[in-house]
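So the protein sequences, as listed, match chains V and D. Letter by letter, the first sequence follows residues 19 to 1102 of the working numbering. Letter by letter, the second sequence follows residues 928 to 1360 of the working numbering.
The set of hints was computed from the structure by calculation and includes no laboratory data. The structure displayed is predicted, hence computed values, not measured ones. Be a bit skeptical, because a hint or two may be false.
[Stated by the list, open to error] Calculated pairs, PhoX-like style, for lysine-lysine (alpha carbon to alpha carbon, straight line, at most 25 angstroms):
| hint | chain 1 | residue 1 | chain 2 | residue 2 |
| --- | --- | --- | --- | --- |
| 1 | D | LYS1225 | V | LYS649 |
| 2 | V | LYS244 | V | LYS649 |
| 3 | D | LYS1127 | V | LYS1056 |
| 4 | D | LYS1127 | V | LYS1053 |
[Stated by the list, open to error] Some chain D residues close to chain V (C-beta under 8 angstroms, calculated; not the full set):
| hint | residue |
| --- | --- |
| 5 | ASP1037 |
| 6 | ASP1080 |
| 7 | ARG1105 |
| 8 | ALA1158 |
| 9 | THR1334 |
| 10 | VAL1354 |
| 11 | LEU1359 |
For each residue, glycine too, the CB sits at the ideal point set by N, CA and C.
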Amino acid sequence: MFYHRVIQGQQLNLLKTLGQHTRMYRVLTMIGLLCLVHVAQATESDVIDFSRDIRPILADTCYQCHGPDEHTRETDFRLDLQGDVFKDHGSGPLVIPGKPSDSVLLQRLLSPDVEQRMPPVDADRQLSPGQIELIRKWIQQGAPWKQHWAFAPIKKSPLPIADSWIENAIDSFTLSAMHEHGLAPSANASKERLIRRVTLDLTGLPPTQPQVDEFLADSAPDAYVKLIDRLLHDLRYGERQALHWLDVARYADTNGYQTDGERHMWRWRDWVIDSFNKDQSFYDFTVEQLAGDLIPDGTTEQKLATGFNRNHRSNSEGGIVFEEYLVEYAVDRVDTTATVWLGLTMGCARCHEHKYDPITQKEFYQVMAFFNNIPERGRVIKYGNSFPMLKVPTQSMQAEMDQHASNVAKLSDEMTNKLVEIIKRMRQIDAGPHRSAGRLPIINQDLLIQFDWDKTITPQQFQVEGRAVDYDVINTAEVDKELLQTKMIAGDKPQFKSGVFGDALDLNETFQLGGGALIQFPGHQKLTLSTWIRVSGVQSGAIMSMLNPDDQRPQGFSWKLVDNCVEVNFGPRWLDDSVRMKTKLALQGDKWHHIAFTSDGTQMARGMAIYIDGVKQEVEVLLDIFTGTYKTKPTLIFGGEATDNLLQAQIDNTAFYVRDLSHQEIEILSVRETPEQLATLAKLTPRQQAKLLHYYLDQVDAGEGGQLYHDLQLARHRQRLHLATVPTSMVMQENNQRRKTYLLKRGQYDAPGEEVSMGIPVALAAGQKHDMQSRLDLAKWIVSDNNPLTARVIVNRFWAQFFGRGIVVSLENLGVQGDAPTHPELLDWLAADFRENDWNVKRLLRLILTSATYQQDSVVTRKHLDVDVDNVWLSRAPRLRLQAEMIRDQALQASGLLVQRIGGTSARPYQPTGLWKEIASQVYVQGSGVELYRRSMYTFWKRTVPPPTMVTFDAASREYCVLQRSRTNTPLQALALLNEVAFVEAARNLAQQMLKIKAVDDAERLRWGWRQLTARYPSKYELTVLQKMLAASRKQYKTDIESAEKLIAFGESVASTEFRSEELAAFTIVANLILNLDEVINRE
Amino acid sequence: MPDVPHFPPTAKRVIYLCQSGAPSQIDLYDYKPKLQQWATQDLPDSVRDGQRLTGMTAAQEHFPIAPSVFDFNQYGESGAWISELLPHTASIANDVTFVRSMFTEAINHDPAITLMQTGTQLAGRPSFGAWLSYGLGSVSEDLPAFVALTSGDTGQPLYDRLWGAGFLPSRHQGVKFRRTGDPVLYLSNPPGVTRGDRRKLLDYLAMLNHARANELGDPEIVTRIAQYEMAFRMQASVPELTDFSDEPEHVLKQYGDTVATPGSYASNCLLARRLAERGVRFVQLYHRGWDHHTLLPKSIREQAAATDQPSAALIKDLKQRGMLKDTIVIWAGEFGRTVYSQGRLTKEDYGRDHHPRCFSIWMAGGGLAAGKVVGRTDDYSYNIEEDPIHIHDFNATLLHCLGINHTRLTFKYQGRHHRLTDIAGNVVQPLLG
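Using the sequences and the hints, build the whole thing.
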């Protein structure tokens, strides 16, 4: 009776939910299955498995009040502890083995007294009669208690059965389970089906027709094994595995909160591809990603790998509280790491003890301590990478860097060798080839503009100096090439007084100078400002500023004196988004000083410096949180901030460089004497000598020395230019001084409790030390034999890639609330085997793919639907809809459009116009050519507005770790496949190929096109339908050439002119049809 | 599988007018006359009472009180105070309930609006509409159960996650109707392909797919054929839906001039009604541009002008069609704004920073109370003095109207039974009709 009622209730729900998808057939058969399961449970002879059948019920329904969390525990006993369950807590033992009716537990479950009955009537979770019956039977059968299966050591059991069908160990386990459930394996899939299946599974792309031909022609017994070996060595294999890992690692090209600005992590993505392709052991793959920065003498690549835990979203929103987000980042790392490697929902223990698994709240924070010691900030750089990061050249970039370095070293050595001799003659500066060309500043590499203020306000510009063709300005994008136009802000004329070199500009209350051209000093560019200055007495006021004067929150750049101390401020908001620093030393009044400011483009105080008279100053950092961006109106003002903060001073030789000059270069700039004066001095200080030397070599020496000097400068310049193109990637790194980690009450950043140290949950470290010293210890423990979880978690996920579901269905949770494994012995066997064989991934995959289980056909029989609709017992191969990326990549490959280039910066393929703009006011700049046809895994991924077609086909948003995508079937997918330009363009290109092949008739062309996508020829019926489609389209376009031309012009690639428009259009429609076949978007 | 409804619903659908960026309650609905006498004085510490501030004003030396420059009057039977900026909203005072006592924990846009829409500050949970699609399914044969609409060209960005499905199967995610190009992505046939051509292709495609279904026996193939048919129907129903030419002049006029501009707030309000009429269960409309840190008086005037009339028109229109009684309409931002000025305060000009402790919203229809004012804040519009309503309480109440016990609409993910209201939420009786 009870069972009947339960089933009826479920029937109703099923009907309701599935009805929308017109899957009645499936619904009915599912009900059949449910009946079967329940009937099976009712049989007295069934052996109840505590771990599989009972603990999940207790956990789901009872642990809330009688479980690990002491805060919500209503009694002093716990139903998750064996000791408590068999103990008397006042009214008799909860469970007496073999005696259900004497057991208090069952009495309470069945009590007619509402006050007594458990769970309480108002509890959210109630037990079904079927579940109570299971508990009864468990007690009846002696109430055997078992540790949760996933926490028990991995045990490799002997193979259960032998049979001629069996290809390897896997099959022994699956066949035995099939037998248990009255099923038999399906026949092998046809070779065509098999090669398409395995090629898609391993490379994410379909096989080409020659590959199919080759496989069909190979009648050797090991043809299939050879095929797998070929595919495992195909570089597309690494891409396909990496694609899954990108979901796991929540990889994206943007930061993921609010403005969602761009970041650059593609070098990490390429590391993953490479790792899979070179078959790196999963052991190292793990250790390097979690703690590559801590490996003694670790390589750059190992450090790059740690980007895994910097891929999380990070926030640049203006008003955030830094501490709040530092906690979120660390929590994300814990959650993700625990989910990915341990299959545990550790995040549940952030606010309270874990309700189901043996993880205390304190232990959560002990794990967080591993990930909470990074020199990072809560608010991140709005556009770009945030510290800690690393320059990570690709191999070819590294080669070029080495070349530059060796060029510079060689020239530098030669120069050094000549110096003694040159120093002897450097005072002879009277004559020289360059003197007549006008005097150049001593340090002139990357000099953008200099104002010498010699009775003129027109600056000299240097970016196209012409003395060496390569002397281009690095940041051309930021510099307006127009001449700086000047205008008076106030006063009549600029006034000049005698300066250091010639005249100086006199700043006074009535005069400011505004520049009309755009020179932005955005934080992310390298920069040096240099000027001479003389103040009357003690002054406060701006030397130079570029601020938005009307804005209530001044944004921009300002360089000023505050009681003669030099202060710099720049950033979008004075109050909370800028860098502001002030020297401790004050300038002396009525004396000329040289001052300079340098910034390395990191937007951080430690990357900036202020110099006075060539000495790097100790500064007081007043604010150091410059993460946003700003753009000022084109006004460069000398002597004030708009009309405020006026300064009384003279300035001379004011220069802007697009590079952060070295200390030595600034020393040279700070030498007051002219080269002529220096040449007369008998004794020179080192910096005086350096200045004279530079001057001599640069502008006087016409011989070998001068040539060498210029060659060296040019080599250095080229080196810098190249270095600027080398990407960075965010990495893990430890603070010098350990950041303390506290238990956070209720998980809140501002409610710290006790301080905690690094450690893993005690329950996972049975008999081992659970306190640890570093993240590297954690990483090594994760892949150690002491940890029962990781090998199971990982093989389970690989398994799911090929069978559509895991042996444990809840891939992300192997804890108490997760699903029980359907084939526990198989899971353990695979896990043990994986671990014993050095965590070799390709070996594991080869094993899975060569199993007879994998090679079965995917035909669904009546019996399958009746007994095993979800294919739990694997008596057939699953038929799975392709992942979003594969659907597009397949179309690109089949049509000949695919650009196969591994790695590199992300691509921007077709996207409907305005998609970013209408919700985020940002512009998507669509690429062209190659960018349109790269594999989808390289598509630029903006987390808050992800690529729409990918999302339509269930791609993860990449905002958080996803181990398993859903596989839906929706009308929006139909619209995308039928109409999106990428697919229509692919159809036309496929059509072109169909028309190009040597063929005797239409049928042959159609057969070829069909096979291009399905790896098989169409049946007679299928061919007839294609022919009808072709005929109908031909008829249509023959009378409407204009439409034909429109259709074939869709997409950037140019339609072939070899064929008549109407013919190409007609074939395009057929190709469009083929690309929409259910068979094509499935792997069978 | 959800066993809903748990009890008879009073509402069948929801239109949620999300005012993104957080409108200032002090200048719209929460009338505070005493502020005039305290103008420019610092906010007393006793009132702030330890409230954390955003990084944008935490370092301000002063927190000068900025009274609203706008006049307020009382409207409707409840005598609700409404700012001069909202004359049209004032005219529907008897149909709506104003709530002045909403509160949240988040103080920044991204987490706050994510909390408002998904019940948590972090990404990854299903949005309200996705929960409804999951719980109640779709009514419409040729439109999705959950549609998102956007308007406004500046201000805080929006994120796909706000109408996302989180851990629910992704078919429950809201379908975002676009303002430019196809309203639904890829709705139009490619150039040179007519509806007749498409029909032919779908017929042949179905023949081939049926053949495959017969051979392989996979029921998913039959589902796919049905989805292609629905797509074909959408190609007709969506353009019909977005074409306002069948709307009578007086209706269009009610929504104001901008109703003719696709993608305007007015046009989206009318579109929301048309979607609701056609069986769409949840229409989530977003209007950007309420984040007035500076130049508030000028900006909020423009913002109110663009939204006041269409919002009121939607209520009137629904009411006139007899749909208001089973349609919930909500007007809400993600948090409130500070009584003190951010940046410079003058007699005519001020800005306001984010404020989580109180904000004002209104709601109407679907079994909710009408012509009522719920909740009261202190004289500074800083702390709630009566009927505090958390977002979870609010969501629990909306679900209640839809026939759902918020503690029982759950989905097991990562070993936990998740719900829209997390582990909190109480149905707010005063909000019910």
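Status of each hint after checking the structure:
no. : hint                  : result
1   : D/LYS1225 / V/LYS649  : holds (23 angstroms)
2   : V/LYS244 / V/LYS649   : violated (60 angstroms)
3   : D/LYS1127 / V/LYS1056 : holds (16 angstroms)
4   : D/LYS1127 / V/LYS1053 : holds (12 angstroms)
5   : ASP1037               : holds (4 angstroms)
6   : ASP1080               : holds (6 angstroms)
7   : ARG1105               : holds (7 angstroms)
8   : ALA1158               : holds (4 angstroms)
9   : THR1334               : holds (5 angstroms)
10  : VAL1354               : violated (15 angstroms)
11  : LEU1359               : violated (21 angstroms)
Hint compliance for this structure: hints 2, 10 and 11 are broken, all remaining hints hold.
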